[in-house]
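Going down the list, the protein sequences come from chains S and B.
The numbering used here numbers the first residue of the first sequence as 22 and each following residue consecutively.
The numbering used here numbers the first residue of the second sequence as 109 and each following residue consecutively.
Hints are computed from structural coordinates only; laboratory data are not their basis.
A few of these clues could be false.
Claimed, not checked - The calculated DSSO-like cross-link candidates involving lysine-lysine, where the alpha carbons are at most 30 Å apart (straight line), are:
#, chain 1, residue 1, chain 2, residue 2
1, B, K166, S, K165
2, B, K126, S, K130
3, S, K130, B, K166
4, S, K209, S, K180
5, B, K126, S, K196
6, S, K196, B, K134
7, S, K133, B, K134
8, S, K51, S, K209
9, B, K166, B, K126
10, S, K66, B, K183
11, S, K130, S, K180
12, S, K180, S, K62
13, S, K62, B, K134
14, S, K209, B, K183
15, S, K196, B, K183
16, B, K134, S, K209
17, S, K63, S, K51
18, B, K126, S, K63
19, B, K126, S, K51
20, S, K143, B, K126
21, S, K52, B, K126
22, B, K183, B, K134
23, S, K196, B, K127
24, B, K134, S, K165
25, B, K183, S, K125
26, B, K166, S, K125
27, S, K130, S, K209
28, S, K165, S, K133
29, B, K183, S, K79
30, S, K143, B, K127
31, S, K209, B, K127
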Amino acid sequence: MSNVLVTRPNHDQATDYLFHWSKPVIDFAKKHLQTFDLASKKANKKNFDSYVKAHDPKFFFLNGHGSESTITGQDNEILIDASELNLNVFADYILYVRSCKSGKVLGDKLVKAGASAFIGYKNNFTFVRHLDYTTRPLQDPIAKYFLEPSNLVPTTLIKGNSASGAYNRSQQDMKRNFAMLVSSTSSKEERSTASFLWFNINAQVLLGDMDSRI
Amino acid sequence: MKQQARLKQTSNASEELKKIVLERLKSMPESLSVSIGNAEYTTDELVEHVEDGDEVGKQIMEIQLQYLQDLGSGKIYDNE
Numbered sequence: 022m023s024n025v026l027v028t029r030p031n032h033d034q035a036t037d038y039l040f041h042w043s044k045p046v047i048d049f050a051k052k053h054l055q056t057f058d059l060a061s062k063k064a065n066k067k068n069f070d071s072y073v074k075a076h077d078p079k080f081f082f083l084n085g086h087g088s089e090s091t092i093t094g095q096d097n098e099i100l101i102d103a104s105e106l107n108l109n110v111f112a113d114y115i116l117y118v119r120s121c122k123s124g125k126v127l128g129d130k131l132v133k134a135g136a137s138a139f140i141g142y143k144n145n146f147t148f149v150r151h152l153d154y155t156t157r158p159l160q161d162p163i164a165k166y167f168l169e170p171s172n173l174v175p176t177t178l179i180k181g182n183s184a185s186g187a188y189n190r191s192q193q194d195m196k197r198n199f200a201m202l203v204s205s206t207s208s209k210e211e212r213s214t215a216s217f218l219w220f221n222i223n224a225q226v227l228l229g230d231m232d233s234r235i
Numbered sequence: 109m110k111q112q113a114r115l116k117q118t119s120n121a122s123e124e125l126k127k128i129v130l131e132r133l134k135s136m137p138e139s140l141s142v143s144i145g146n147a148e149y150t151t152d153e154l155v156e157h158v159e160d161g162d163e164v165g166k167q168i169m170e171i172q173l174q175y176l177q178d179l180g181s182g183k184i185y186d187n188e
């Protein structure tokens with residue numbers, strides 16, 4: 022059975038939303054794969070390196086903040102840095118990184134170091150949320166337009182589909198949501214979020230072998 | 109002289125775009141909050157950053173301008 026490693030820090034409002042929205046993916050993954058969940062304070066560099074070495078995950082689903090060259094965990098501790106010399110430890114792995122800009126430099130370096138495929142965002146990963154749902158992120162009717170399509174990347178991969186299949190599924194769902202947001206029947210709140218979802222559609226990238234699978 | 113006129117035109121166009129973006133942001137319901145990069149912003153904060161023209165404001169401008177440009181070019185409708 023293949024392994025999946027998930028990181029989901031929750032040290033601020035944005036990461037808290039990603040933390041909660043990752044849970045349905047984890048529940049789904051547990052039915053199909055051996056799933057390791059580094060949540061909250063467990064999402065640190067020491068644990069991350071230890072799990073990579075001990076469990077050899079085939080798929081990484083990483084949530085958090087980041088930059089062009091890094092992905093971070095709890096309290097913004099760097100988990101992967103493009104300047105690391107041993108990026109080849111990710112050779113043959115598939116990574117989905119739900120954070121800002123990692124598709125710009127880090128993704129390319131990981132693929133060049135041998136990663137099978139990388140799906141991420143070449144620009145800021147952006148989402149809009151409704152302030153009434155701060156304590157109930159999974160019920161947020163605005164955030165769902167952003168986070169449901171992004172969850173389709175890992176769930177489609179876990180189902181055994183290719184990296185391009187997962188990317189396309191997510192893109193299609195974002196575009197479907199976008200069409201709903203700009204339709205004449207949408208609310209003012211929904212219409213106001215369309216430009217931000219459009220930005221995500223254009224920021225999401227797939228690098229590496231499009232046919233790779235978990 | 110021509111160069112100065114061009115620079116003035118560009119500056120005027122940028123100011124006009126900024127005004128359009130600010131109007132769009134001011135019309136956003138206060139019930140929403142936007143996560144961009146490593147931080148989250150209320151609608152009032154989005155407006156303040158664009159008015160100040162700081163780094164966050166530039167990111168917000170980039171998001172809005174991409175949308176407006178793709179709306180103008182018809183790229184957005186290719187997805188429907």
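Status of the hints after comparison with the structure:
Under the criterion of a C-alpha separation no larger than 30 Å, the hint pairing B/K166 with S/K165 is consistent with the structure, at around 26 Å. Between B/K126 and S/K130 the alpha-carbon distance is near 36 Å, which puts this suggested pair outside the 30 Å criterion. A distance of roughly 27 Å separates the Cα atoms of S/K130 and B/K166; the hinted pair therefore holds under the 30 Å criterion. Using a Cα cut-off of 30 Å, the hinted pair S/K209 and S/K180 is violated, with the two alpha carbons roughly 36 Å apart.
Taking the CA atoms of B/K126 and S/K196, the gap is near 27 Å; set against the 30 Å cutoff, the hint holds. At roughly 25 Å between alpha-carbon atoms, S/K196 and B/K134 fall within 30 Å of each other, so this suggested pair holds. With a C-alpha separation of about 44 Å, the suggested pairing of S/K133 with B/K134 is violated against the 30 Å cut-off. For a cut-off of 30 Å, the pair hint linking S/K51 to S/K209 is broken: about 38 Å separates their Cα positions.
This hinted pair checks out: B/K166 and B/K126 have alpha carbons roughly 10 Å apart, not beyond 30 Å. The straight-line distance between the Cα atoms of S/K66 and B/K183 is roughly 41 Å, outside the 30 Å bound, and the hint therefore fails. Simply put, S/K130 and S/K180 have alpha-carbon atoms about 27 Å apart, close enough for the 30 Å limit, and the pair holds. For the hint linking S/K180 to S/K62, the alpha-carbon distance of about 29 Å falls within 30 Å, and the restraint holds.
Of the supplied pair hints, the one linking S/K62 and B/K134 is violated, its CA atoms being roughly 38 Å apart against a limit of 30 Å. A hinted pair counts as satisfied when its Cα atoms are at most 30 Å apart, and S/K209 with B/K183 qualifies at roughly 23 Å. Between S/K196 and B/K183, the direct Cα distance comes to roughly 12 Å. Compliance with the 30 Å bound is thereby established for this hinted pair. Proposed proximity of B/K134 and S/K209 is supported: the alpha carbons are some 12 Å apart, at most 30 Å.
The suggested pairing of S/K63 with S/K51 holds, with an alpha-carbon distance near 18 Å, which does not exceed 30 Å. Between B/K126 and S/K63 the alpha-carbon distance is near 43 Å, which puts this suggested pair outside the 30 Å criterion. With a C-alpha separation of about 48 Å, the suggested pairing of B/K126 with S/K51 is violated against the 30 Å cut-off. Annotation: proposed proximity of S/K143 to B/K126 holds, straight-line Cα distance about 24 Å (limit 30 Å).
Straight-line distance between C-alpha atoms of S/K52 and B/K126 comes to about 50 Å, which puts the hinted pair past the 30 Å bound. The hinted pair formed by B/K183 and B/K134 meets the criterion: a straight-line CA distance of about 25 Å does not exceed 30 Å. Simply put, S/K196 and B/K127 have alpha-carbon atoms about 28 Å apart, close enough for the 30 Å limit, and the pair holds. Our distance criterion of 30 Å between C-alpha atoms is met by B/K134 and S/K165, whose separation comes to about 23 Å.
Between B/K183 and S/K125 the CA atoms are separated by roughly 23 Å; this keeps the pair inside 30 Å, and the hint holds. For the hint pairing B/K166 with S/K125, the CA-to-CA distance comes to about 18 Å; that is within 30 Å, so the pair holds. Restraint check: the Cα-Cα separation between S/K130 and S/K209 comes to about 41 Å, which exceeds 30 Å; the hinted pair is violated. With a C-alpha separation of about 33 Å, the suggested pairing of S/K165 with S/K133 is violated against the 30 Å cut-off.
Using a Cα cut-off of 30 Å, the hinted pair B/K183 and S/K79 is violated, with the two alpha carbons roughly 36 Å apart. At roughly 27 Å between alpha-carbon atoms, S/K143 and B/K127 fall within 30 Å of each other, so this suggested pair holds. With a C-alpha separation of about 20 Å, the suggested pairing of S/K209 with B/K127 holds against the 30 Å cut-off.
Checked against the numbered hints given earlier, this structure breaks hints 2, 4, 7, 8, 10, 13, 18, 19, 21, 27, 28, 29; the rest are met.
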